[in-house]
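I would like the entire structure built from these sequences, with the hints used as guidance.
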Amino acid sequence: MESFASDEDEPLSLFPTEVRKVPKSLEDIVRTTKFNKSEIRLLYKGFKQECPRGAVTEREFQTIYSHFFPHGDCQSYTSALFRLLDRRKRMYFTFEDYVQTLSILIRGSMKERLQWIFRFYDISDDGKLTKQTFETIIRSLYNLLGPNCYIHQPVTEDTVEKHSAVLFERLDFRHVGSINFDDFEKYCLRNEQLMHTIDLLSSTAI
1 MESFASDEDE PLSLFPTEVR KVPKSLEDIV RTTKFNKSEI RLLYKGFKQE
51 CPRGAVTERE FQTIYSHFFP HGDCQSYTSA LFRLLDRRKR MYFTFEDYVQ
101 TLSILIRGSM KERLQWIFRF YDISDDGKLT KQTFETIIRS LYNLLGPNCY
151 IHQPVTEDTV EKHSAVLFER LDFRHVGSIN FDDFEKYCLR NEQLMHTIDL
201 LSSTAI
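Okay, so the sequence shown: first residue is 1 according to our numbering, each after it adds one.
Since the hints were made in silico from the structure, they are not lab data.
Do not take every clue at face value.
[Stated by the list, open to error] Within a straight-line C-alpha distance of at most 25 Å, the following computed DSS-like cross-link-like pairs (lysine-lysine) qualify: (1) Lys-131 <-> Lys-186; (2) Lys-128 <-> Lys-111; (3) Lys-89 <-> Lys-111; (4) Lys-45 <-> Lys-34; (5) Lys-24 <-> Lys-48; (6) Lys-34 <-> Lys-89.
[Stated by the list, open to error] FRET-style restraints, in silico, Cβ to Cβ: (7) Glu-50 <-> His-175: 33 to 39 Å; (8) Lys-37 <-> Phe-173: 43 to 49 Å; (9) Ser-124 <-> Lys-186: 19 to 25 Å; (10) Asn-180 <-> Pro-52: 37 to 43 Å; (11) Arg-87 <-> Asn-191: 27 to 33 Å; (12) Glu-185 <-> Arg-87: 17 to 23 Å; (13) Thr-156 <-> Ser-109: 19 to 25 Å; (14) Lys-37 <-> Arg-88: 23 to 29 Å.
Cβ atoms here follow ideal geometry from the backbone N, Cα and C, with glycine treated the same way.
And the structure:
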(Lines of atoms letter the chains of each structure in order from A and count residues from 1; the text may use other names and numbers.)
(Lines give C-alpha, C1' and ligand atoms only; values in the text may rest on other atoms or scores of the structure.)
Protein backbone atom coordinates (compact mmCIF):
# COMPACT_ATOMS: atom_id res chain seq x y z
CA MET A 1 0.00 0.00 0.00
CA GLU A 2 1.52 3.30 -1.11
CA SER A 3 1.85 6.07 1.46
CA PHE A 4 2.39 9.81 1.15
CA ALA A 5 4.84 9.85 4.07
CA SER A 6 8.54 10.17 3.26
CA ASP A 7 11.85 10.35 5.09
CA GLU A 8 12.00 14.05 4.26
CA ASP A 9 8.78 14.82 6.14
CA GLU A 10 9.24 16.76 9.36
CA PRO A 11 8.58 14.81 12.59
CA LEU A 12 4.93 14.80 13.50
CA SER A 13 5.75 15.70 17.07
CA LEU A 14 6.88 19.17 16.01
CA PHE A 15 3.27 20.18 15.29
CA PRO A 16 -0.02 19.94 17.19
CA THR A 17 -1.98 16.96 15.90
CA GLU A 18 -4.93 19.12 14.90
CA VAL A 19 -2.85 21.05 12.35
CA ARG A 20 -0.42 18.40 11.15
CA LYS A 21 -1.92 15.73 8.93
CA VAL A 22 -0.48 13.03 6.67
CA PRO A 23 -2.89 11.82 3.96
CA LYS A 24 -4.30 8.33 3.78
CA SER A 25 -2.82 5.85 1.33
CA LEU A 26 -3.08 6.44 -2.41
CA GLU A 27 -5.38 3.44 -2.69
CA ASP A 28 -7.85 4.91 -0.21
CA ILE A 29 -8.01 8.23 -2.04
CA VAL A 30 -8.34 6.56 -5.45
CA ARG A 31 -11.22 4.51 -4.08
CA THR A 32 -13.11 7.55 -2.78
CA THR A 33 -12.45 9.96 -5.67
CA LYS A 34 -12.47 9.88 -9.45
CA PHE A 35 -8.75 10.48 -9.84
CA ASN A 36 -6.04 7.94 -10.66
CA LYS A 37 -2.76 7.58 -8.75
CA SER A 38 -0.75 9.81 -11.08
CA GLU A 39 -3.27 12.62 -10.82
CA ILE A 40 -3.40 12.34 -7.04
CA ARG A 41 0.40 12.46 -6.78
CA LEU A 42 0.42 15.62 -8.90
CA LEU A 43 -2.32 17.22 -6.81
CA TYR A 44 -0.55 16.29 -3.59
CA LYS A 45 2.71 17.80 -4.79
CA GLY A 46 1.01 21.15 -5.34
CA PHE A 47 -0.93 20.92 -2.07
CA LYS A 48 2.23 20.11 -0.09
CA GLN A 49 4.03 23.13 -1.53
CA GLU A 50 1.29 25.51 -0.38
CA CYS A 51 0.33 23.60 2.77
CA PRO A 52 3.40 21.75 4.11
CA ARG A 53 1.69 20.81 7.38
CA GLY A 54 -1.06 18.96 5.57
CA ALA A 55 -3.90 20.90 7.21
CA VAL A 56 -5.18 24.37 6.33
CA THR A 57 -6.96 26.72 8.72
CA GLU A 58 -9.28 29.45 7.50
CA ARG A 59 -6.68 32.14 8.13
CA GLU A 60 -4.04 30.19 6.20
CA PHE A 61 -6.50 29.62 3.37
CA GLN A 62 -7.16 33.35 3.20
CA THR A 63 -3.41 34.04 3.04
CA ILE A 64 -3.02 31.60 0.13
CA TYR A 65 -5.85 33.27 -1.80
CA SER A 66 -4.43 36.74 -1.15
CA HIS A 67 -1.35 35.77 -3.17
CA PHE A 68 -3.53 35.15 -6.22
CA PHE A 69 -5.75 38.22 -5.67
CA PRO A 70 -3.35 40.81 -4.19
CA HIS A 71 -5.58 43.77 -5.07
CA GLY A 72 -8.78 42.34 -3.62
CA ASP A 73 -10.28 41.48 -0.27
CA CYS A 74 -10.69 37.71 -0.19
CA GLN A 75 -11.94 37.28 3.39
CA SER A 76 -15.67 36.83 2.65
CA TYR A 77 -15.10 34.62 -0.38
CA THR A 78 -12.60 32.34 1.34
CA SER A 79 -14.90 32.03 4.37
CA ALA A 80 -17.70 30.75 2.13
CA LEU A 81 -15.38 28.35 0.32
CA PHE A 82 -13.68 27.17 3.50
CA ARG A 83 -17.10 26.21 4.89
CA LEU A 84 -17.39 23.56 2.16
CA LEU A 85 -13.79 22.37 2.26
CA ASP A 86 -13.97 21.88 6.04
CA ARG A 87 -16.43 19.04 5.53
CA ARG A 88 -16.12 17.66 9.06
CA LYS A 89 -16.24 21.05 10.81
CA ARG A 90 -12.83 20.73 12.45
CA MET A 91 -11.72 24.32 11.71
CA TYR A 92 -9.23 23.05 9.10
CA PHE A 93 -9.27 20.99 5.92
CA THR A 94 -6.84 18.34 4.74
CA PHE A 95 -5.61 17.03 1.41
CA GLU A 96 -8.41 14.46 1.43
CA ASP A 97 -11.01 17.22 1.85
CA TYR A 98 -9.39 19.22 -0.94
CA VAL A 99 -9.18 16.33 -3.38
CA GLN A 100 -12.74 15.18 -2.62
CA THR A 101 -13.96 18.65 -3.57
CA LEU A 102 -11.92 18.68 -6.78
CA SER A 103 -13.25 15.24 -7.63
CA ILE A 104 -16.80 16.57 -7.51
CA LEU A 105 -16.07 19.76 -9.46
CA ILE A 106 -13.92 18.11 -12.14
CA ARG A 107 -15.17 14.54 -12.47
CA GLY A 108 -18.57 14.63 -10.80
CA SER A 109 -21.86 14.38 -12.64
CA MET A 110 -23.59 17.61 -13.56
CA LYS A 111 -26.02 17.07 -10.68
CA GLU A 112 -23.16 16.64 -8.21
CA ARG A 113 -21.48 19.81 -9.46
CA LEU A 114 -24.71 21.79 -9.28
CA GLN A 115 -25.31 20.49 -5.75
CA TRP A 116 -21.86 21.76 -4.77
CA ILE A 117 -22.46 25.19 -6.32
CA PHE A 118 -25.85 25.40 -4.59
CA ARG A 119 -24.24 24.60 -1.24
CA PHE A 120 -21.63 27.31 -1.87
CA TYR A 121 -24.40 29.89 -2.22
CA ASP A 122 -26.39 28.38 0.66
CA ILE A 123 -24.36 30.12 3.35
CA SER A 124 -27.10 29.56 5.94
CA ASP A 125 -27.08 25.79 5.34
CA ASP A 126 -30.88 25.71 5.32
CA GLY A 127 -31.42 24.33 1.82
CA LYS A 128 -32.67 27.55 0.25
CA LEU A 129 -31.23 30.62 -1.39
CA THR A 130 -32.58 34.10 -0.81
CA LYS A 131 -31.85 37.48 -2.32
CA GLN A 132 -29.71 38.24 0.73
CA THR A 133 -27.56 35.14 0.28
CA PHE A 134 -27.01 36.04 -3.37
CA GLU A 135 -25.95 39.53 -2.33
CA THR A 136 -23.48 38.13 0.18
CA ILE A 137 -21.78 35.82 -2.32
CA ILE A 138 -21.80 38.29 -5.21
CA ARG A 139 -20.36 40.99 -2.96
CA SER A 140 -17.62 38.59 -1.91
CA LEU A 141 -16.78 37.94 -5.59
CA TYR A 142 -16.53 41.64 -6.38
CA ASN A 143 -14.37 42.15 -3.28
CA LEU A 144 -12.16 39.22 -4.25
CA LEU A 145 -11.39 40.65 -7.69
CA GLY A 146 -10.72 44.11 -6.30
CA PRO A 147 -11.40 47.60 -7.67
CA ASN A 148 -8.69 47.45 -10.34
CA CYS A 149 -10.74 44.94 -12.35
CA TYR A 150 -13.52 47.41 -13.06
CA ILE A 151 -12.06 50.17 -15.20
CA HIS A 152 -15.18 51.45 -16.93
CA GLN A 153 -17.54 51.49 -13.97
CA PRO A 154 -16.69 51.46 -10.28
CA VAL A 155 -18.46 48.86 -8.17
CA THR A 156 -20.81 50.29 -5.57
CA GLU A 157 -23.28 48.74 -3.16
CA ASP A 158 -25.97 49.62 -5.70
CA THR A 159 -24.08 47.59 -8.32
CA VAL A 160 -24.07 44.54 -6.04
CA GLU A 161 -27.77 44.89 -5.20
CA LYS A 162 -28.81 45.25 -8.85
CA HIS A 163 -26.67 42.32 -9.97
CA SER A 164 -28.06 40.14 -7.17
CA ALA A 165 -31.66 41.19 -7.86
CA VAL A 166 -31.43 40.35 -11.58
CA LEU A 167 -29.89 36.95 -10.90
CA PHE A 168 -32.34 36.13 -8.13
CA GLU A 169 -35.37 37.07 -10.20
CA ARG A 170 -34.25 34.73 -12.98
CA LEU A 171 -33.97 31.79 -10.61
CA ASP A 172 -37.03 32.55 -8.49
CA PHE A 173 -39.40 31.67 -11.33
CA ARG A 174 -42.03 30.47 -8.82
CA HIS A 175 -41.98 33.93 -7.15
CA VAL A 176 -41.89 32.55 -3.60
CA GLY A 177 -38.93 34.60 -2.33
CA SER A 178 -36.52 31.68 -2.02
CA ILE A 179 -34.90 29.07 -4.25
CA ASN A 180 -34.51 25.40 -3.41
CA PHE A 181 -32.14 23.02 -5.18
CA ASP A 182 -34.81 21.78 -7.60
CA ASP A 183 -35.45 25.36 -8.75
CA PHE A 184 -31.73 25.98 -9.06
CA GLU A 185 -31.13 22.79 -11.02
CA LYS A 186 -34.02 23.41 -13.42
CA TYR A 187 -32.78 26.91 -14.21
CA CYS A 188 -29.19 25.79 -14.74
CA LEU A 189 -30.09 22.82 -16.96
CA ARG A 190 -32.15 25.10 -19.22
CA ASN A 191 -29.25 27.52 -19.61
CA GLU A 192 -26.99 26.07 -22.30
CA GLN A 193 -24.34 28.78 -21.92
CA LEU A 194 -24.12 28.16 -18.19
CA MET A 195 -23.81 24.40 -18.71
CA HIS A 196 -21.05 24.96 -21.26
CA THR A 197 -19.20 27.22 -18.83
CA ILE A 198 -19.38 24.62 -16.04
CA ASP A 199 -18.12 21.90 -18.40
CA LEU A 200 -15.31 24.14 -19.65
CA LEU A 201 -14.14 25.00 -16.14
CA SER A 202 -14.26 21.33 -15.16
CA SER A 203 -12.25 20.18 -18.18
CA THR A 204 -9.47 22.75 -17.67
CA ALA A 205 -9.11 22.58 -13.89
CA ILE A 206 -6.15 20.18 -14.01
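Can the restraint linking Lys-45 and Lys-34 be considered satisfied, given a maximum Cα separation of 25 Å? holds (18 Å)
Is the hinted range of 37 to 43 Å satisfied by the C-beta distance from Asn-180 to Pro-52? Given a distance of about 41 Å, which is inside 37 to 43 Å, the answer is holds.
Consistency of beta-carbon spacing, Lys-186 to Ser-124, with hint 19 to 25 Å: Given range 19 to 25 Å: holds, Cβ gap about 21 Å.
Verdict for Lys-37, Phe-173 (Cβ pair) under range 43 to 49 Å: holds (45 Å)
Is 27 to 33 Å right for how far apart the beta carbons of Arg-87 and Asn-191 are? Holds, since Arg-87 and Asn-191 (Cβ atoms, about 28 Å apart) stay within the stated range.
Cβ distance range 23 to 29 Å for Lys-37 and Arg-88, holds or violated: About 25 Å separates the Cβ atoms of Lys-37 and Arg-88, which means 23 to 29 Å holds.
Please verify whether Lys-24 and Lys-48 have alpha carbons no more than 25 Å apart. holds (14 Å)
Under the criterion that the straight-line Cα-Cα distance not exceed 25 Å, is the pair Lys-131, Lys-186 satisfied? holds (18 Å)
Between the alpha carbons of Lys-89 and Lys-111, is the straight-line distance 25 Å or under? Holds. Lys-89 to Lys-111 sits at ~24 Å (cutoff 25 Å).
Checking one constraint from the list: CA of Lys-128 to CA of Lys-111, max 25 Å. Satisfied? Holds: Lys-128 and Lys-111 sit about 17 Å apart, inside 25 Å.
Quick check: does the Cβ-Cβ distance between Thr-156 and Ser-109 fall within 19 to 25 Å? Between Thr-156 and Ser-109, where Cβ atoms are some 39 Å apart, the hint is violated.
Would you say the C-beta atoms of Glu-50 and His-175 sit inside 33 to 39 Å of each other? With a Cβ separation near 45 Å, Glu-50 and His-175 fall outside 33 to 39 Å, so the hint is violated.
The structure does not agree with the numbered hints 7 and 13 stated previously, though it agrees with the rest.
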